[in-house]
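*Asks:* Listed here are the chains, written in short residue letters.
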Amino acid sequence: NAGVTQTPKFRVLKTGQSMTLLCAQDMNHEYMYWYRQDPGMGLRLIHYSVGEGTTAKGEVPDGYNVSRLKKQNFLLGLESAAPSQTSVYFCAAQVIGQPQHFGDGTRLSIL
Amino acid sequence: SQKIEQNSEALNIQEGKTATLTCNYTNYSPAYLQWYRQDPGRGPVFLLLIRENEKEKRKERLKVTFDTTLKQSLFHITASQPADSATYLCAPYQLIWGAGTKLIIKP
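For the record, the sequence lines run as chains A and B.
Residues in the first sequence are numbered consecutively from 1, following our numbering.
Residues in the second sequence are numbered consecutively from 1, following our numbering.
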């Protein structure tokens, strides 16, 4: 039972490059989230989705886009990567009112 | 603005003692509060959820309290073990998270 799977696990980008992070869940949960985690700071919400075809902005959405074309997948895109986007990115899935299930993160470095 | 505060300094506890971690929140009243454990290189893992009408919740060696007057939750690990060493995060709800407290249990 995989739960929440994030790919890739590690990535190094140059400033200005683009990439997409994939989050896949096999639990049929309606809600999905993308967070970033930086040293000394809590998880900060980037975008979230309350169901297939819907997305909403979180606390720190600038520079990121998301899509939820299928219920099981939530994609996070960086159109033009900046060094300030160097971080660890976590995806989570949830049934509302219940705990969140997290993936093990994507470690992204922007040079 | 809504704020969650956890002790940013690492907490060092001798094995066998009780570890107590604090989570304070300001400028809102959550209906529930969650505690998660995070190990290095891994995502957070859910431990306990306590609702506003519950004063205390227990699970094995873990205990969580929720004081809506003080706007504070305490997380206790009794008979602590080195394997309990991790960072513990509190989250009043899924959109706001504390920065976590690193717990180190020394043999």
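Since the hints were made in silico from the structure, they are not lab data.
These numbers come from a predicted model, not from an experiment.
C-beta: ideal position from N, C-alpha, C; glycine also.
Hints may be right or wrong, so weigh each one.
[What the hints assert, rightly or not] Looking from chain A toward chain B, a few residues come up when the C-beta cut is under 10 angstroms (computed):
| id | residue |
| --- | --- |
| 1 | G40 |
| 2 | R44 |
| 3 | G51 |
[Unchecked claim] Pulled from the structure, derived: some chain A residues nowhere near chain B, Cβ distances all over 12 angstroms:
| id | residue |
| --- | --- |
| 4 | V4 |
| 5 | N73 |
| 6 | T86 |
| 7 | R107 |
[Stated by the list, open to error] In silico BS3-like links for lysine-lysine, alpha-carbon gap of 30 angstroms or less:
| id | chain 1 | residue 1 | chain 2 | residue 2 |
| --- | --- | --- | --- | --- |
| 8 | B | K3 | B | K71 |
| 9 | B | K55 | B | K17 |
| 10 | A | K9 | A | K70 |
| 11 | A | K57 | B | K71 |
| 12 | B | K3 | A | K57 |
| 13 | A | K71 | A | K9 |
| 14 | B | K55 | A | K9 |
| 15 | B | K106 | B | K17 |
*Asks:* Of the hints stated earlier, which fail here?
*Replies:* Going through the list in order, the structure violates hints 3, 4, 7, 14 and respects the others.
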